[in-house]
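Those protein sequences? They're chains A and B, same order as listed. Its first residue numbered 1, the first sequence is counted upward by one per residue in my numbering. Its first residue numbered 1001, the second sequence is counted upward by one per residue in my numbering.
To be clear, the hints were calculated from the coordinates, so they are not data collected in a lab. The beta carbon of each residue, even a glycine, is placed where N, CA and C say it ideally should be. Be a bit skeptical, because a hint or two may be false.
Said to hold, decoys possible - On the chain B side, residues computed to face chain A include the following (Cβ under 7 Å):
no., residue
1, P1032
2, L1123
3, N1130
4, V1142
5, G1170
To be verified - Here are the in silico distance ranges between beta carbons for each label pair:
no., chain 1, residue 1, chain 2, residue 2, range
6, A, V106, B, G1258, 33 to 43 Å
7, A, V106, B, K1271, 48 to 58 Å
8, B, R1023, A, G63, 37 to 47 Å
9, B, N1299, A, S12, 56 to 66 Å
10, B, A1278, A, T212, 19 to 29 Å
11, A, V106, B, R1023, 33 to 43 Å
Chain by chain, the residues run as shown.
2 protein chains.
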Amino acid sequence: MPSFRPEPYLASRAALVDRALDRILKDPGGCPPSLLRAMRYSVFAGGKRLRPVLCMAAAEAVGLRASVALRPACALELVHTYSLIHDDLPALDDDDLRRGRRTNHVVFGEDRAILAGDALLTLAFEVISNPQGLSRERVRNVPGAVRELASQAGFAGMVGGQVSDLEAEGKRPTLARVLSIHRRKTGALLSASVRLPAILQGVPPAVLSALTRYGRSAGLAFQVVDDVLNETGDARTLGKAAGSDKARGKMTYPAAAGLDAARRRVDELTKDAIRALAPLGRRAEPLRGLALHMARRTN
Amino acid sequence: MPSFRPEPYLASRAALVDRALDRILKDPGGCPPSLLRAMRYSVFAGGKRLRPVLCMAAAEAVGLRASVALRPACALELVHTYSLIHDDLPALDDDDLRRGRRTNHVVFGEDRAILAGDALLTLAFEVISNPQGLSRERVRNVPGAVRELASQAGFAGMVGGQVSDLEAEGKRPTLARVLSIHRRKTGALLSASVRLPAILQGVPPAVLSALTRYGRSAGLAFQVVDDVLNETGDARTLGKAAGSDKARGKMTYPAAAGLDAARRRVDELTKDAIRALAPLGRRAEPLRGLALHMARRTN
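Please model the entire structure based on the sequences and the hints provided.
Put into structure tokens, the structure is as follows:
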């Protein structure tokens, strides 16, 4: 893929998403100012916008216009942001720092942080159920997109993975446990990121399957890279304490199988993600490039 | 309304809703058992199912089949249940008892309670986006229903009202503040309860307006009755300490205007709710009866 350069692609798409999120959260009628401040604080906390960018790359791969993919892309980021706010709470991971900034509850208090998370999750469904520029025929596909976001974010997806992760703390890390948690806690929403444009566009089942396989493999690779970086990275690059997973006895791939096996797995998964895209042809170039980029990232 | 008897109506509709909720939460694939226990604990904690019953009565009023209204009705109860779990958390109202039972976080821990709430809110959107028995033509109305639920539950509705309520604690109660909080914190979801079937059915604007006015007036009356009962009821009937609002300096109607004015306001609002239903004719009988019942309730 000599033609695809991930950095400018990520930067330009992330800028579009930032502008769209800013419009959504500019001056939403009826929102108490203090709640809006807490919501905006975490939405604009320097996130890489990976889920929205994957969503826009998948839209390109299935021929859905970028302007139509923007709102589902924003919905994904709103769900991701709420999950970080709630994960950081004292009753959960009790983190004071995220990406080098104070976490939501440290700045706004636990009560506001819980409610800001609730408001962002709810807003995600308002945004995804209100697509713009979708043809009348494809409005029929919107309920399926809402269902996808809800099921991947809910008890069988992200929230369920978070519960399993809590329950696994202190238990012996096994590959089966690690994979089951990673697939739900981070993989599910990354999968939704590439599946949503396909569902809205109403693609043939083979195309949806290809994107599902890409999402599963690239999503898992992403989380294994995260595990590796947590063990080997330095705090300045990570924006949080290195080695914090290990200190907490978290279920990570390196803890279950070692660092070398983790790195090999990332390679295999990335190759599998790229192979999965074969039926989509050249339009899937950005998705291929992003899979490679995610495998090689250093923060 | 000599023909309508609220108790059997409420009991029969609540039983339908209970069965539907039980099916939804029977053995949902991929849900960690401990999370499912925490979700079920609060969903089946003896709630009166008022929002679902209002939804089914509104469905009757607009000619939407009861079997089709059941899933939006369940979604409303899931949202209501999540809001109670989060409101009871130590960082918010710090309540140990609700309806005479230990609150979710007391039984399952704060971390599980936060996540069970998140899972229920997310599930509500999975349920409402997946209606059953809706004609192909009306599937087009589903995104509007999702939007309605999200906007009434979110920053400008229930969550926003909760934030304003937190911020008002200790401030001087004024009618303007009380009304603004009540309209959002409880009124918004009660409004959604009667508007959802109308949106799904695609009724003319005048009918939707009539239901909106009913929802606003009956919803506010409901909350003012709650305020009055909190001040005058006994703990056994309420399932929580009487006078707890006063002790906390909560924004209540009696605190702003006195008990007599509160009771008069309930009467006026109830009459207004019933007047609003005039264009709907006899099919709105259950909604009329429920408005009267809500005004006269003692727990």
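Now for the hints, and whether the structure bears them out:
no.: 1; hint: P1032; result: holds, 5 Å
no.: 2; hint: L1123; result: holds, 6 Å
no.: 3; hint: N1130; result: holds, 5 Å
no.: 4; hint: V1142; result: holds, 4 Å
no.: 5; hint: G1170; result: violated, 14 Å
no.: 6; hint: A/V106 with B/G1258: 33 to 43 Å; result: holds, 41 Å
no.: 7; hint: A/V106 with B/K1271: 48 to 58 Å; result: holds, 49 Å
no.: 8; hint: B/R1023 with A/G63: 37 to 47 Å; result: holds, 38 Å
no.: 9; hint: B/N1299 with A/S12: 56 to 66 Å; result: holds, 59 Å
no.: 10; hint: B/A1278 with A/T212: 19 to 29 Å; result: violated, 52 Å
no.: 11; hint: A/V106 with B/R1023: 33 to 43 Å; result: holds, 42 Å
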